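Trainee: One letter stands for each residue in the lines below.
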Amino acid sequence: MIQYLTSVLTEGAIFGIMALGLNVIWGWSGDFDLAYYGYVAFGAYMTLVLTIGPPTAPGAEYILGLTLPYPLAVLAAVVAASLLGLVVGLIALRHLRGIYFSIVTLGAVYVLYVMAGQFVPLFDGFNGVSGLTDPMGDLLGLDYQTYQYFFLGLCAVLLVLVYLLMSRLSSSRFGLALRTLREDERASAAFGRDIYRMKLKAYVFAAAIGGFGGALFAAYLGAFNPSAWSPIEVIVLYAAVLVGGRGNIRGVVLGVFLMIVLVFESTRFLPDIPNHPSVALNLREIVIGVVLVLFLRFRPQGILPERRTVDRMPVTPSPAPSDSVAGAQAVS
Amino acid sequence: MHDLLLTLGFGLVTASILALSAVAFTLEYGVTNVANLSHGEILTVGAYAAFVVHRLTGNAIIDAVAAALAGGLLALAVHWAVVDRFIRRGAASLTVFIATLGVSFAIQYTLAIIFGSSNVAYTISQGAPHQVGPFLWTRTGITIIVSALAITAMLYAIISRTRFGKALRAVSQNRELAGVSGIDAHLVAAATWFLAGLVAGYAGFVLAETIGTFSPTFGFGFFLITLTAAVAGGLGRAFSTLAGAVIVGIVLEFTGAYISASYNLAFAFAILAIIILVRPRGLFTSARRTVFE
Numbered sequence: 109m110i111q112y113l114t115s116v117l118t119e120g121a122i123f124g125i126m127a128l129g130l131n132v133i134w135g136w137s138g139d140f141d142l143a144y145y146g147y148v149a150f151g152a153y154m155t156l157v158l159t160i161g162p163p164t165a166p167g168a169e170y171i172l173g174l175t176l177p178y179p180l181a182v183l184a185a186v187v188a189a190s191l192l193g194l195v196v197g198l199i200a201l202r203h204l205r206g207i208y209f210s211i212v213t214l215g216a217v218y219v220l221y222v223m224a225g226q227f228v229p230l231f232d233g234f235n236g237v238s239g240l241t242d243p244m245g246d247l248l249g250l251d252y253q254t255y256q257y258f259f260l261g262l263c264a265v266l267l268v269l270v271y272l273l274m275s276r277l278s279s280s281r282f283g284l285a286l287r288t289l290r291e292d293e294r295a296s297a298a299f300g301r302d303i304y305r306m307k308l309k310a311y312v313f314a315a316a317i318g319g320f321g322g323a324l325f326a327a328y329l330g331a332f333n334p335s336a337w338s339p340i341e342v343i344v345l346y347a348a349v350l351v352g353g354r355g356n357i358r359g360v361v362l363g364v365f366l367m368i369v370l371v372f373e374s375t376r377f378l379p380d381i382p383n384h385p386s387v388a389l390n391l392r393e394i395v396i397g398v399v400l401v402l403f404l405r406f407r408p409q410g411i412l413p414e415r416r417t418v419d420r421m422p423v424t425p426s427p428a429p430s431d432s433v434a435g436a437q438a439v440s
Numbered sequence: 207m208h209d210l211l212l213t214l215g216f217g218l219v220t221a222s223i224l225a226l227s228a229v230a231f232t233l234e235y236g237v238t239n240v241a242n243l244s245h246g247e248i249l250t251v252g253a254y255a256a257f258v259v260h261r262l263t264g265n266a267i268i269d270a271v272a273a274a275l276a277g278g279l280l281a282l283a284v285h286w287a288v289v290d291r292f293i294r295r296g297a298a299s300l301t302v303f304i305a306t307l308g309v310s311f312a313i314q315y316t317l318a319i320i321f322g323s324s325n326v327a328y329t330i331s332q333g334a335p336h337q338v339g340p341f342l343w344t345r346t347g348i349t350i351i352v353s354a355l356a357i358t359a360m361l362y363a364i365i366s367r368t369r370f371g372k373a374l375r376a377v378s379q380n381r382e383l384a385g386v387s388g389i390d391a392h393l394v395a396a397a398t399w400f401l402a403g404l405v406a407g408y409a410g411f412v413l414a415e416t417i418g419t420f421s422p423t424f425g426f427g428f429f430l431i432t433l434t435a436a437v438a439g440g441l442g443r444a445f446s447t448l449a450g451a452v453i454v455g456i457v458l459e460f461t462g463a464y465i466s467a468s469y470n471l472a473f474a475f476a477i478l479a480i481i482i483l484v485r486p487r488g489l490f491t492s493a494r495r496t497v498f499e
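Sequence order for the protein chains is A and B.
All the letters of the first sequence, read from the start, carry residue numbers 109 to 440 under this note's numbering.
All the letters of the second sequence, read from the start, carry residue numbers 207 to 499 under this note's numbering.
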């Protein structure tokens, strides 16, 4: 039971990090990005090919095949994911909003998915990459069981760190300025915000967090291949962000634990139905789809709604602080 | 030269299926301003309906009718249970778009519970290949092309010649104004979704018949290509969508034949990205793009 709980909580912490990243794009910047799970996957793939060494199985091939220490590989994976995010963002954020943005990001992630699955020299195609067992475990001299606790602790600490970072970002000038884009892009532009640059910065930052989540996920799973992910799984993260409270980081963490821990794990205890081996697994995906629709319809602000920001500098008769200066600082 | 024409012939079959799917998608978009992400599932449900009916009767024509009806009813259900309710509440079109993704997910996994998530075989004799002009088509291929032409002609007649078509055009141009003029926009939208569902369900049947196997994710994969064709033609513009479908269908058949069919989806989206960036309102429009697409 303890072992099982450890595994669930580790997964929850990792998904928490991913959801906090998604919240930057959807919660604050306001765009419905369907490519996000691609950054998670790319981060996971990169971590693996940077740590597991050259291919050994006959016929297997993938890029790099280095044996970097895990923390260094995580860093490299984060950089790789943000570069990918930069490329997609440069294209998709330039002129496109609303469903057009979503369609292009959907396209981008499917290109990545098809490449990862079909172009063998990249990540060994359908076989995927595997062989990352208990990174840093040897170094610290941990046995298998202790390692699980250690990894849970590590993910929990990292979740807290990402949370604190997001909390700072949320109340920073940049975070506030991002929300003005979400609410009214034209008005924000009229106040001198460089919309494209701000959205792009937020997008690349989110992709980096996604890649970071992916790097941890790679260590948790030990392997990654096209049957382990699908671009559309991002819907699980969207459901978590929506249920918890879009734009409210406390809500996002709550949402992850409600959707991922509760929904995922409660279906595990359903009785097996003969001839239908994966009913529980399918049922939880159905629940996620239905919950997404119901929340959008009846409580789009989520369980913990985002608090409206209060104007800390009410308009006074004295010369008002120049908004364009504030904007320039926020953007730079 | 011979190979080239053969490929072009196959491309026209693909394009016909794509045209049916894309026109249906565009009709849904036109009357509700919602890009329906669960559109692919209409095709999937159509294919499964044909599959079930085929086991009972073994008659391809009954399969086709069953697929179309199943598709129509599903589209009507999605419109009634989800889309229309959001619209009545004045939800933003992006919100409804996200909701249809949830619907798509729920339908895919419901099908996985009922039929299993692996491929089922749906084999109907394709008939011997016939030489038609320079092309080589099977009987099935010819049926698909002819039926796609007939269905499109019928849709054209409905949209441009009937009272219902007039109402449909009014709703798609301006829902409020149509409502003020005494048109029941919700009813027109529901009827249009039903009509689009019939066409998409039939498209699911012909696609399944052409490929021979399918799984619960079958329609979603094809939907991604449909989206390319619909955007290429211009979202919501039913007849330029056809041209988009023909172009995308033929391009995909050629890249599939000369490079690799495994990358079809990637090619489709490369085309899509270029079109959206260069001409976001579609290939056949002259409107200038704006920042706020």
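Simulated from the structure, these hints should not be mistaken for laboratory data.
Values in this document were obtained by computation on a predicted structure and should not be read as measured data.
Glycine included, C-beta positions come from ideal geometry on N, C-alpha and C.
Don't take each hint at face value.
What the hints assert, rightly or not - With the Cβ distance kept under 8 Å, some of the chain B side facing chain A (calculated, not the full set):
(1) V288
(2) R291
(3) S468
Unchecked claim - Negatives, chain A to chain B, calculated, CB over 12 Å:
(4) G138
(5) A165
(6) L176
(7) N235
(8) T241
(9) D242
(10) M244
(11) L250
(12) Y257
(13) F258
(14) S275
(15) A336
(16) A347
(17) I411
(18) L412
(19) E414
Trainee: With reference to the structure, classify each hint as holding or not holding.
Mentor: For each hint, the structure was consulted:
1. Interface hint status for V288(B): upheld, as the beta-carbon distance to the closest one in chain A is roughly 6 Å, under 8 Å.
2. Because the smallest distance between the Cβ of R291(B) and any Cβ of chain A comes to about 6 Å, under 8 Å, the interface hint for this residue holds.
3. The interface hint given for S468(B) is met, as the beta carbon of that residue sits about 4 Å from the closest beta carbon of chain A, less than 8 Å.
4. The claim that G138(A) is not at the interface with chain B is violated, since a C-beta of that chain comes within 12 Å of its own (minimum 9 Å).
5. Its beta-carbon lying about 21 Å from the closest one in chain B, A165(A) satisfies the requirement of being farther than 12 Å from that chain.
6. Under the 12 Å C-beta cut-off, the non-interface status given to L176(A) relative to chain B holds; the minimum distance is some 29 Å.
7. Chain B leaves N235(A) outside its interface by the beta-carbon criterion, the shortest separation being 15 Å against a cut-off of 12 Å.
8. Distance check on T241(A): its Cβ is at least 29 Å (rounded) from any Cβ of chain B, clearing the 12 Å threshold; non-interface status holds.
9. Annotated as non-interface, D242(A) keeps its C-beta farther than 12 Å from every C-beta of chain B; the closest such distance is 31 Å.
10. Its beta-carbon lying about 36 Å from the closest one in chain B, M244(A) satisfies the requirement of being farther than 12 Å from that chain.
11. A cut-off of 12 Å between C-beta atoms confirms that L250(A) is not in contact with chain B; the least separation is 37 Å.
12. Distance check for Y257(A) against chain B: the nearest CB is about 34 Å away, which clears 12 Å, and the non-interface claim stands.
13. A cut-off of 12 Å between C-beta atoms confirms that F258(A) is not in contact with chain B; the least separation is 35 Å.
14. The Cβ of S275(A) sits about 26 Å from the closest Cβ of chain B, beyond the 12 Å cut-off, so the non-interface label holds.
15. The Cβ of A336(A) sits about 15 Å from the closest Cβ of chain B, beyond the 12 Å cut-off, so the non-interface label holds.
16. With 12 Å as the threshold on Cβ separation, the claim that A347(A) sits away from chain B is violated: the shortest Cβ distance comes to roughly 8 Å.
17. With a closest Cβ-Cβ approach of about 17 Å to chain B, I411(A) is found to remain outside the 12 Å limit, as its non-interface label requires.
18. The beta carbon of L412(A) is kept farther than 12 Å from every beta carbon of chain B, the shortest such distance being approximately 19 Å.
19. With a minimum CB-CB distance of about 16 Å to chain B, E414(A) clears the 12 Å threshold, and the non-interface call stands.
In this structure, the hints that do not hold are numbers 4 and 16, in rising order.
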